[in-house]
Amino acid sequence: MNVISRFVKKISILFGRKLFATDLDEEMAFHREQAEKELIASGMTPEAARYAAMRRFGNAVRVKERSHEVVGFSFETVFQDLRFALRQLRKNPGFAATAVLILALGIASSVAIFAFVDAALIKPLPYMDSSRLAVLYESIPIGPKFHLSYLDYLDWKRENKVFSSLNVYNPGGFMQKTSEGLRPADGARVSDGFFKTLGVSPVIGRDFQYGEDKPEAQRTALLSYSAWQKRYGGNPNVLGQTVVLDNEPYVIIGVLPRDFSFAPAEPADFWAIQKQTGYCETHRGCHDLFGIARIKDGVSFATAFADIKTIAQQLEKQYPDSNRDQWAFMLPLTDVIVGDIRPILLVLLTGAGLLLLIASVNVASLLLVRSESRRREMAVRGALGASPKRLVRQFVTEGLLLATIGGGLGVGGAVEAMRLLDALMPKDMLASMPYLRDLGLNGRVGVFAGLLALLAGALFAFAPMSRLKFAQISEGLSQGGRGAAGIVWRRFGVNLVVIELAMAMVLLGGAGLLGKSFYRLLHTDIGIQPDHVATLRVAGESGKYDKDEQEVALEREIVRRIQGLPGVISVGLTTKLPIEDGDSTTGIRIVGRPYHGEHQEVAIRSVSSGYLPTLGARLVSGRYFAENEDASKPGVAMINETLAKQYFLGENPVGKQIAFDETEKSRMLIVGIVRDLQEGQLDAAPRAAMYRPFNQNPSNNFAVLVRTAQDETATLPILSATIQQIDPVMAIYDPMTMDQKIHDAPSTYLHRSSAWLVGGFAVMALVLGAVGLYGVIAYSVSQRTREIGVRMALGAQRGSVYRLILNEAGRLIVIGVAFGLAGSVGAAMLMRKLLFGVPPWDAPTLAGVAIVLAGSALLASYIPARRAASVSPVEALRIE
Amino acid sequence: MAKKPDLLPGTLDMLILKTLQRAPLHGYGIALSIKRLSDDVLTVEEGSLYPALQRLLLQGWVKAEWRMTETHRRARFYTLTAAGRKQLGIELTQFDQMIEAIGRVLSDAQEA
Chain A
1 MNVISRFVKK ISILFGRKLF ATDLDEEMAF HREQAEKELI ASGMTPEAAR
51 YAAMRRFGNA VRVKERSHEV VGFSFETVFQ DLRFALRQLR KNPGFAATAV
101 LILALGIASS VAIFAFVDAA LIKPLPYMDS SRLAVLYESI PIGPKFHLSY
151 LDYLDWKREN KVFSSLNVYN PGGFMQKTSE GLRPADGARV SDGFFKTLGV
201 SPVIGRDFQY GEDKPEAQRT ALLSYSAWQK RYGGNPNVLG QTVVLDNEPY
251 VIIGVLPRDF SFAPAEPADF WAIQKQTGYC ETHRGCHDLF GIARIKDGVS
301 FATAFADIKT IAQQLEKQYP DSNRDQWAFM LPLTDVIVGD IRPILLVLLT
351 GAGLLLLIAS VNVASLLLVR SESRRREMAV RGALGASPKR LVRQFVTEGL
401 LLATIGGGLG VGGAVEAMRL LDALMPKDML ASMPYLRDLG LNGRVGVFAG
451 LLALLAGALF AFAPMSRLKF AQISEGLSQG GRGAAGIVWR RFGVNLVVIE
501 LAMAMVLLGG AGLLGKSFYR LLHTDIGIQP DHVATLRVAG ESGKYDKDEQ
551 EVALEREIVR RIQGLPGVIS VGLTTKLPIE DGDSTTGIRI VGRPYHGEHQ
601 EVAIRSVSSG YLPTLGARLV SGRYFAENED ASKPGVAMIN ETLAKQYFLG
651 ENPVGKQIAF DETEKSRMLI VGIVRDLQEG QLDAAPRAAM YRPFNQNPSN
701 NFAVLVRTAQ DETATLPILS ATIQQIDPVM AIYDPMTMDQ KIHDAPSTYL
751 HRSSAWLVGG FAVMALVLGA VGLYGVIAYS VSQRTREIGV RMALGAQRGS
801 VYRLILNEAG RLIVIGVAFG LAGSVGAAML MRKLLFGVPP WDAPTLAGVA
851 IVLAGSALLA SYIPARRAAS VSPVEALRIE
Chain B
881 MAKKPDLLPG TLDMLILKTL QRAPLHGYGI ALSIKRLSDD VLTVEEGSLY
931 PALQRLLLQG WVKAEWRMTE THRRARFYTL TAAGRKQLGI ELTQFDQMIE
981 AIGRVLSDAQ EA
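Residue numbers (my numbering), protein chains in the order written: chain A, 1 to 880; chain B, 881 to 992.
By construction, these hints were calculated from the structure, which means they are not laboratory data. Glycine is no exception: its CB is placed at the ideal position from the N, C-alpha and C atoms. It cannot be assumed that every hint is accurate.
[Unchecked claim] Stretch by stretch, here's where chain A covers chain B in the computed footprint (C-beta under 8 Å, at least three residues): (1) 898 to 910; (2) 938 to 944; (3) 952 to 964.
[Unchecked claim] Some chain A residues flagged as far from chain B (calculated, every beta-carbon gap over 12 Å): (4) K296; (5) S387; (6) I405; (7) R561; (8) I604; (9) S609; (10) A684; (11) P728; (12) Q740; (13) G826.
[As the list claims (entries may be wrong)] Mimicking DSBU-like on lysine-lysine, the simulated pairs with C-alpha atoms at most 30 Å apart in a straight line are: (14) B:K943 <-> A:K10; (15) B:K943 <-> A:K18; (16) B:K898 <-> A:K64; (17) A:K9 <-> B:K898; (18) A:K145 <-> A:K645; (19) A:K9 <-> B:K966; (20) B:K915 <-> A:K37; (21) A:K123 <-> A:K833; (22) A:K37 <-> B:K943; (23) A:K547 <-> A:K576; (24) B:K898 <-> A:K37; (25) B:K966 <-> A:K64; (26) A:K161 <-> A:K309; (27) A:K10 <-> B:K966; (28) B:K943 <-> B:K966; (29) B:K943 <-> A:K9; (30) A:K389 <-> A:K91; (31) A:K18 <-> A:K64; (32) A:K656 <-> A:K633; (33) B:K898 <-> A:K10.
Start from the sequences, fold in the hints, and give me the full structure.
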């Protein structure tokens, strides 16, 4: 007999179920009648014979069930269990909604955060064998991650024995000449073997060839896939077309794959060849590149690092003028790309995990308490012949059903949460994290969500199941239930609450510290008054604005026109705005002091006379620049306090001279000192900076900023229009208010989002912890009603009943909070990198959150304590 | 009342098939026949008889039809099929082999 025909028979029985049942009934009735007749024939009275026949036949229902089991499908009983489970949930909508909601919240947060973790940390980078890739920097005394110079790069490339290839990239973007005028274009310059080093080939067209960076070769560029779609509509005829970037024509030779991205240089539409022409390619002191290398197979990271360090030391000896204190530094590419976000994601994932754990524990203890009221039901079902296996399966079905519904809702919630987090992320920041581009549900995230739901389901199935020892079925019938297992599980429930409270404490502590960090970050002295300041960037076409006089004229015209706008208080120009990357540095020397090529690296900006007053910078001593301080006047400079402290300790810098090199014309007289402006991110350490008059060192690419008495956001379009009138082909871009700039800065975003997310988790944990404690205390009170009744009957006061219950709760709270405090400090040590201006053991924060948690927990246990104290002894005793 | 020995596990199907080899019978008849032929030593529990019959039906070793008994009562009669006959042969051979093996072990144990 083969499986198929058996299956067909089963199916036909399934549909003729009624017939099958009546046939069986009739057959069994016939059987009993025959037995009866036989017994009567042997001399029994008809009545005695009927009973004897029925006895002999045994449990008719069970016989029928077993016959059904033979012909039925095993999943039929699963459906029965499922139907019953659904009915159970429908019967207790409050319980069902609470359990499902709590679980969905826990799963949603975990899955959403995991999707980010997956996108950033688990999904492999889109390069061949990405673990062998490293980024190379030059390191100088003030920091390790500085640009590499072109000539040093050539020497590193030639001398090293550890890299199978070494190339460079230069992120930074272009000014593209279009029919509508000049437009900023995202992009980077890369050396000829850059894509070969990464192991990436274009989807159409070709890669750069070796030697394509030679001065005589034609300039070429590759397009990113998205730029190809966006700018050229995906047209394959794009190959051979020319784009004008930074006033030079480039021929498009290929398009990169859709999944390609290179975060350190993103956003990038154009990947242009880095030509060996220009000032920087012939001067060892000009640093504008980063190296990307593939480590040879069999060579360890440490060996490669040591080799490149040795080469840098040799170069230092060989070129003492330019390479003094110039060392090599190297990081795995993965660290460069996700290094900043990794600790945050891990903290968030831990937070979400803790929350999920609390949520699951809560649902499990809800089920535990409910199972208490179902002992009767289980006992009855057992007595009626339900096999223990079937009873166990009922719990498993119910647990899995809860977990499935909760998990389904949770995944839905996670998708929404991801969309929300994505939308809240500043555009620029998203662009620099290309790996988050196709964030969403993928296989790994799906498996993760499934695993979570399964684990939760298992917990929900086993928590109440172990509460019901099947040996106690008869005990359950007699409404007993004070067995040893009960005590063990009551203790277990109590431990669960301690764990919940401890975890809530860890989350609250983390949230408190992150919140305080964020507050400190926003209230750190950045040396400027950011309110009512509007900014935008302007780029004039090279060719039109090449000469200093042309650029100075443009500056004066812009200032003149904007000054005339209503509400404008002051106008300033700068080559670089504050709260950016703090980059753009130069080496200086102090005139009159011996100089041996020491690295005295300071940030440098060219600013108009109105810039520092417009920002609201504070002058410490000396004066601001004058508008007429241009090339016709002696060179001057202003410095910040950090520079003054670093290089002029115990002296008055005003009136001293600094210079870029030994020449007379590079000398500048220091005319003023300002309080430090935060040039870099809000959490960056203060750095030495110097400012030069724009008119002594003009540029055709600068930022304009305006302090206005009116709404600065409304001023932005007016500013753009006004400047555009001066020159319609000029590029005007990145309009932004200063407040917005601070709000959207990556460091602000990271601190804000981690504080908010962990804060959100902590609030949910607090609520769930309090609810959990309430559940345990309420359960304990319900179990002790008789005891309390007896105590009161014997003369116990209401106050002592309160004490009894609150003591029990207090003990749990103290243990939970104590464990939690230890955990908080431990967790805070692990996330020290994310804290700003707050130590991990910050006592006021920890004490504050401990009080909040203990207070809420006490409040939660006060409600059942009140119920216990209002127990009427007579009723309590009568119930039993 | 002395407890009657249980059926050897797995032999019920064989006994039913063997019983049906002689003539088609209804469930009660099968139970009765087994009881009589074994001189009341073997009793087939009704609780296992009917599930066993369903199993045999499902395997296609027996087929069932409603017929009238001599006393003009409607009853479900079970008939052995060709597949059932073949299965009976297999089970008998296996059973013989087992009995023989058990016998050898027992006689050996007695000699020792």
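Checked hints:
Residues of the stretch 898 to 910 of chain B lying with their CB closer than 8 Å to a CB of chain A number 3, which satisfies the three-residue condition for coverage. Counting residues of the stretch 938 to 944 of chain B whose CB lies closer than 8 Å to any CB of chain A gives 4, which reaches the minimum of 3, so the coverage claim holds. For a cut-off of 8 Å, the count of residues in the stretch 952 to 964 of chain B with a CB near a CB of chain A stands at 5, and the three-residue condition holds. With a least CB separation of 68 Å from chain B, A:K296 remains clear of the 12 Å interface cut-off, as annotated.
With a least CB separation of 15 Å from chain B, A:S387 remains clear of the 12 Å interface cut-off, as annotated. Interface exclusion of A:I405 from chain B stands, the closest Cβ pair being 36 Å apart, more than 12 Å. Chain B leaves A:R561 outside its interface by the beta-carbon criterion, the shortest separation being 95 Å against a cut-off of 12 Å. With a closest Cβ-Cβ approach of about 90 Å to chain B, A:I604 is found to remain outside the 12 Å limit, as its non-interface label requires.
For A:S609, the shortest C-beta to C-beta distance to chain B comes to about 99 Å, beyond the 12 Å cut-off, and the non-interface label holds. With a closest Cβ-Cβ approach of about 78 Å to chain B, A:A684 is found to remain outside the 12 Å limit, as its non-interface label requires. Non-interface call for A:P728 relative to chain B: holds, since the shortest CB-CB distance, roughly 88 Å, exceeds 12 Å. The non-interface label for A:Q740 is consistent with chain B: the shortest C-beta to C-beta separation is roughly 75 Å, beyond 12 Å.
Against the 12 Å criterion, A:G826 stays outside the reach of chain B, whose nearest CB is about 60 Å from its own CB. Between B:K943 and A:K10 the alpha-carbon distance is near 15 Å, which keeps this suggested pair within the 30 Å criterion. Distance check on the hinted pair: B:K943 and A:K18 sit about 19 Å apart at the alpha-carbon level, within 30 Å; holds. Note on B:K898 and A:K64: the hinted pairing holds, with a Cα-Cα distance of about 24 Å set against a maximum of 30 Å.
Using a Cα cut-off of 30 Å, the hinted pair A:K9 and B:K898 holds, with the two alpha carbons roughly 24 Å apart. For the suggested pair A:K145 and A:K645, the alpha carbons sit about 23 Å apart, so the restraint of at most 30 Å is met. With a CA separation close to 20 Å, the supplied pair A:K9 and B:K966 stays within the 30 Å bound. The suggested pairing of B:K915 with A:K37 holds, with an alpha-carbon distance near 16 Å, which does not exceed 30 Å.
A hinted pair counts as satisfied when its Cα atoms are at most 30 Å apart, and A:K123 with A:K833 qualifies at roughly 24 Å. About 27 Å separates the Cα atoms of A:K37 and B:K943, which keeps this hinted pair within 30 Å; it holds. At roughly 20 Å between alpha-carbon atoms, A:K547 and A:K576 fall within 30 Å of each other, so this suggested pair holds. For the given pair, B:K898 sits about 26 Å from A:K37 by alpha-carbon distance, which is consistent with the 30 Å threshold.
The straight-line distance between the Cα atoms of B:K966 and A:K64 is roughly 29 Å, inside the 30 Å bound, and the hint therefore holds. With a C-alpha separation of about 12 Å, the suggested pair A:K161 and A:K309 falls inside the 30 Å cut-off, and the hint holds. Restraint check for A:K10 and B:K966: the C-alpha separation of about 23 Å stays at or below 30 Å, so the hint holds. For a cut-off of 30 Å, the pair hint linking B:K943 to B:K966 stands: about 14 Å separates their Cα positions.
About 12 Å separates the Cα atoms of B:K943 and A:K9, which keeps this hinted pair within 30 Å; it holds. Among the hinted pairs, A:K389 with A:K91 is consistent with the structure: their alpha-carbon atoms are about 24 Å apart, no more than 30 Å. Only pairs whose Cα atoms come within 30 Å are accepted, and A:K18 paired with A:K64 is accepted, the gap being roughly 13 Å. In summary, the hint linking A:K656 to A:K633 is supported, as the alpha carbons are separated by about 17 Å, within the 30 Å threshold.
Of the supplied pair hints, the one linking B:K898 and A:K10 holds, its CA atoms being roughly 25 Å apart against a limit of 30 Å.
Of the numbered hints listed earlier, not one is contradicted by the structure.
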